[in-house]
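Chains as they are written, first to last, in the working numbering: chain A, 178 to 573; chain B, 3 to 583.
Please note that a few of the clues may not be correct.
Straight-line distance between alpha carbons at most 20 angstroms, and here's what the computed DMTMM-like set of lysine to aspartate or glutamate pairs gives [to be verified]:
#, chain 1, residue 1, chain 2, residue 2
1, B, K323, A, D256
2, B, K162, A, D282
3, A, K315, A, D252
4, A, K445, A, E428
Simulated from the structure, these hints should not be mistaken for laboratory data.
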Amino acid sequence: MDLFEVHPPLTAKERAEKRRLMVRDFVALFTLVVITVAIGVLTYFLFSSFSRHRDVLARRWRANGERELREGHPDQAIDALRSALQYAPGQRDIEIELAMALAADNRNLEAMAYFNTLLETEPGNGLIHLQVARLAAKEGNAALAEEHYQQALDGTWGRDGYLQRLSVRLELAKYLISQKDYTRAQTQLRTASDNALNMPEKQMEIGELMEQAHDPSDALAIYLAQMRKKGAPIDAFVGAGRTAYALGQIELARRALERAVEHPEFAKQNPAEQQAVRQMLSDSQTILELYPDPNLSVRERAERISNDARIAHSRLTACFASANASGEMANLQGQWQQIPARVTVRMLERNPQLEQTIMSLVYDTEEQTAQVCGAPTGDDALLLKIAQAPLAVQQQ
Amino acid sequence: MIGSKIRRLLGNHDRVQAVNAQETSKLAPTRDERLFLVLSIFIGVISGMLVVSFQVAIDWIKILTLGSAPHAGQYRLLFVPAIAGLLVAALVLWFFPAARGSGVNQTKAAFYIYNGYISFRTVIGKFITSALALGAGHSLGPEDPSLQIGAGVASIIARKLGLSRQKLRVFAPIGAAAGLAAAFNAPISAILFVIEEVIGQWSASVLGSIVLAAISSVVVERRFMGAEPRFRIPAVTVRDSRELIAYAVLGVIGGLIAPVFSQALGYLRPKLRAMPRWTHYLQPAVAGLLVGVIGFIGFPQVMGVGYEVMDQAMHGQFGWKFLFALAIFKLIATTLSFSSGTPGGMFAPALFIGAMLGAGVGSFEKIFFPHLTGTVGAYALVGMGVLFAGFLRAPLTSVFMVLELSGNYSIILPVILANTIAYLIGRALQPVPIFEVFTHQDGLDLPSLEEQREETPLHIEDALQPLNVPVVRGEDTIASVSTTVAEARVPAFLIQMPDSSWYAMTVDELTAAGAAVSPDTPVERVAKRDRVPTLFPDLPLDSTLPYFPRWPLLPVLNRASRGTLEGIITLNGVLKRYQAA
Numbered sequence: 178m179d180l181f182e183v184h185p186p187l188t189a190k191e192r193a194e195k196r197r198l199m200v201r202d203f204v205a206l207f208t209l210v211v212i213t214v215a216i217g218v219l220t221y222f223l224f225s226s227f228s229r230h231r232d233v234l235a236r237r238w239r240a241n242g243e244r245e246l247r248e249g250h251p252d253q254a255i256d257a258l259r260s261a262l263q264y265a266p267g268q269r270d271i272e273i274e275l276a277m278a279l280a281a282d283n284r285n286l287e288a289m290a291y292f293n294t295l296l297e298t299e300p301g302n303g304l305i306h307l308q309v310a311r312l313a314a315k316e317g318n319a320a321l322a323e324e325h326y327q328q329a330l331d332g333t334w335g336r337d338g339y340l341q342r343l344s345v346r347l348e349l350a351k352y353l354i355s356q357k358d359y360t361r362a363q364t365q366l367r368t369a370s371d372n373a374l375n376m377p378e379k380q381m382e383i384g385e386l387m388e389q390a391h392d393p394s395d396a397l398a399i400y401l402a403q404m405r406k407k408g409a410p411i412d413a414f415v416g417a418g419r420t421a422y423a424l425g426q427i428e429l430a431r432r433a434l435e436r437a438v439e440h441p442e443f444a445k446q447n448p449a450e451q452q453a454v455r456q457m458l459s460d461s462q463t464i465l466e467l468y469p470d471p472n473l474s475v476r477e478r479a480e481r482i483s484n485d486a487r488i489a490h491s492r493l494t495a496c497f498a499s500a501n502a503s504g505e506m507a508n509l510q511g512q513w514q515q516i517p518a519r520v521t522v523r524m525l526e527r528n529p530q531l532e533q534t535i536m537s538l539v540y541d542t543e544e545q546t547a548q549v550c551g552a553p554t555g556d557d558a559l560l561l562k563i564a565q566a567p568l569a570v571q572q573q
Numbered sequence: 003m004i005g006s007k008i009r010r011l012l013g014n015h016d017r018v019q020a021v022n023a024q025e026t027s028k029l030a031p032t033r034d035e036r037l038f039l040v041l042s043i044f045i046g047v048i049s050g051m052l053v054v055s056f057q058v059a060i061d062w063i064k065i066l067t068l069g070s071a072p073h074a075g076q077y078r079l080l081f082v083p084a085i086a087g088l089l090v091a092a093l094v095l096w097f098f099p100a101a102r103g104s105g106v107n108q109t110k111a112a113f114y115i116y117n118g119y120i121s122f123r124t125v126i127g128k129f130i131t132s133a134l135a136l137g138a139g140h141s142l143g144p145e146d147p148s149l150q151i152g153a154g155v156a157s158i159i160a161r162k163l164g165l166s167r168q169k170l171r172v173f174a175p176i177g178a179a180a181g182l183a184a185a186f187n188a189p190i191s192a193i194l195f196v197i198e199e200v201i202g203q204w205s206a207s208v209l210g211s212i213v214l215a216a217i218s219s220v221v222v223e224r225r226f227m228g229a230e231p232r233f234r235i236p237a238v239t240v241r242d243s244r245e246l247i248a249y250a251v252l253g254v255i256g257g258l259i260a261p262v263f264s265q266a267l268g269y270l271r272p273k274l275r276a277m278p279r280w281t282h283y284l285q286p287a288v289a290g291l292l293v294g295v296i297g298f299i300g301f302p303q304v305m306g307v308g309y310e311v312m313d314q315a316m317h318g319q320f321g322w323k324f325l326f327a328l329a330i331f332k333l334i335a336t337t338l339s340f341s342s343g344t345p346g347g348m349f350a351p352a353l354f355i356g357a358m359l360g361a362g363v364g365s366f367e368k369i370f371f372p373h374l375t376g377t378v379g380a381y382a383l384v385g386m387g388v389l390f391a392g393f394l395r396a397p398l399t400s401v402f403m404v405l406e407l408s409g410n411y412s413i414i415l416p417v418i419l420a421n422t423i424a425y426l427i428g429r430a431l432q433p434v435p436i437f438e439v440f441t442h443q444d445g446l447d448l449p450s451l452e453e454q455r456e457e458t459p460l461h462i463e464d465a466l467q468p469l470n471v472p473v474v475r476g477e478d479t480i481a482s483v484s485t486t487v488a489e490a491r492v493p494a495f496l497i498q499m500p501d502s503s504w505y506a507m508t509v510d511e512l513t514a515a516g517a518a519v520s521p522d523t524p525v526e527r528v529a530k531r532d533r534v535p536t537l538f539p540d541l542p543l544d545s546t547l548p549y550f551p552r553w554p555l556l557p558v559l560n561r562a563s564r565g566t567l568e569g570i571i572t573l574n575g576v577l578k579r580y581q582a583a
């Protein structure tokens, strides 16, 4: 349209008509505004009411899903959690719970696909990595499981991330133990122990896992540290006794087990455990009675060596007489014959070299007869225990 | 009968409006233009709110009728869609006959046939019947009804403001864009769809208003629903170029499924419509019952709109076999629901089927080709575009829709590849697009926008002839010009005036002038005051037609140098070119 287009002048009637048109347009637009506001208010109330209802439904279905999952009904939990997600789309916690429910229902393929998709949107989420690791472990995919356990350790967690990572590390250690990868399990447990210095319960758990990971010395260190604390749990004493005994530190074991038995919680332990502790204590005491402690008086020491020699020789004689006796046994028998036929306590008191020879022969006898004639019982078993680490018996 | 009533009413309305518009144009010549932009915003805002209410209504009805978590084995899945079907059929047949169908063709018809007229009753009817059908589990979508609701709002507002017929006509697509934009939460896709499928051509005069309305409606929709896209899109990346093979396979699958879907609809819809009228009351109920059976036996996901199912598929919540099963059952359910005359749209079902196919291909690849590490979400997203391109045959919209929904342009290559394959296969197997099939079935004759899009308009250069007539200067004498023209033996020639303008003179005109003045008179003196229009080779050829009654030939100039002639065009040359096209 030309800006300078010339229009013929309007007549008076046309001017009045134009004014009426302007008023009409104004009224129309005003009406439109009013209608828009009215529709806006109605929409707002409708939408608000619906949003509240959606929230209620999301919470209700989530609670149902969690309950079903707890009660071991993962199939029903899946339906409930899917419904919850319909009303709260994108809520990560519900999504993870749904994937967990899928995994619990052995729909591993779906669960893995779901977890992978979750990871694509949140690649650093520690909880999702942990779930993937569990799923991979369940499916026997060790490499994938270990990779995701490690990513879970490196991933992000909520406010209690420190504790969560510790739990993941312990779970990884358990998994490694189950895979008989004890060396790596021990490494994880040592790190976990350093991270849980002020957490007695976690320390106890780590101690037990260290025992399972064939690392009794670190386990013993943990138990001993816990024992020194005020109000230490009975498990610390029992654990220390057990691990010290396993390491051949019999004196230490005895002391720990005695304190365990004296512990107020001991009576609340189940009878089998009580019996096991008492037996171990009894064995420790017997070992200490058999052990020719260098700190004993010369006579007392000579008497013990004489007694030990008698026990070992009897074991050899019995083993030699059995059908399994071999050439090695004959060799051992020869060594016994090289020492005087009748070794008295007095002879031993005068000849420390003889003491050493006899004790060495006692230990060799117990070890070799155990290999040839099977595990010994009674005092022979205890002598064998000493034979395995004679210098550790008195270690504190 | 109803159509003729509407046309009669429209005829009266048009006559009154034509008179009013004439008067208004004289009293306030710029009124329509000013109101046009302001009303576009109002249309966007109101459409946005109505679409929000529409979606809330669908969800409310779903919760009230099917429960908050419908699942297989519930008996209500069987009878709720059937009862809703009865109710919807009664409402459509007794009160809202124009609410039947998807809404896209009705809006096109309003644009091309009814001068943009969509009644208030249609808007109300579409809202109620579609919400009822979709909420009760019929397998249809809310986008096309939203498009029609938006177009209806625009039509009502434009009529109440007494705008001219021309303006009234273009308001329908403006409202359609607003409605669709709010339904999709994707304004660019909505604008493109309306241009691709409703208007059929880019028109600068309405583009501004369409954009304003679409943006306004999306702003309103996001105020309520949040700014997040309709689907939660997971990370979308193409990590390995070999993945493109899988996307191409997806394109092929989509291209094969789309014609199956189209032909199923194209076959069943007229068959059901041709049945006795009393059966029309029962058809939506029977369709609802059959859809309910599909839900009851283990696929409740196909019932209703299915956005949340698409979202779940995108996030890898289903195995590939189940995904393909969902795609097939959705196709069947939608064919039943739509063919029975239940009001509702085709967009959501097409997206649903595409998403399931895409996620299925993606999940399959994850299992059998784990080294190709594309996300399932990316495949689902591309799958949506594939069906959009192959079934709805809106290739440009399909590409932009995926980009807009994902907000990630790195997926453009797979999208273009898969969509193009699907589009070409779909087109080869089903030459007539689905909306055009419906148009023909309804006895309407709307322009084929797919063909229109592909038509190449002719330009002046297409009919350009070499300069084969004499060119003389304005200062030349009549005697010399007469000699030149006589030697050339042509009926007309060109005169270049001293001011660089041009004049085309016939020999008869020169002869008549020569008889009245001295032979020494410069030829410019005998030329009339008007001049030939300035034409360039790139202008549309049809723009020359109005000049031929006056001029025997028209010079075509060079844009860089107006004094340089590119050639000439004649009426005969133009007509021959059109006949050859």
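Hints and how they fare:
1. Restraint check for K323/B and D256/A: satisfied, since their Cα atoms lie roughly 19 angstroms apart, inside the 20 angstroms limit.
2. For a cut-off of 20 angstroms, the pair hint linking K162/B to D282/A is broken: about 61 angstroms separates their Cα positions.
3. Restraint check for K315/A and D252/A: satisfied, since their Cα atoms lie roughly 18 angstroms apart, inside the 20 angstroms limit.
4. The suggested pairing of K445/A with E428/A is violated, with an alpha-carbon distance near 26 angstroms, which exceeds 20 angstroms.
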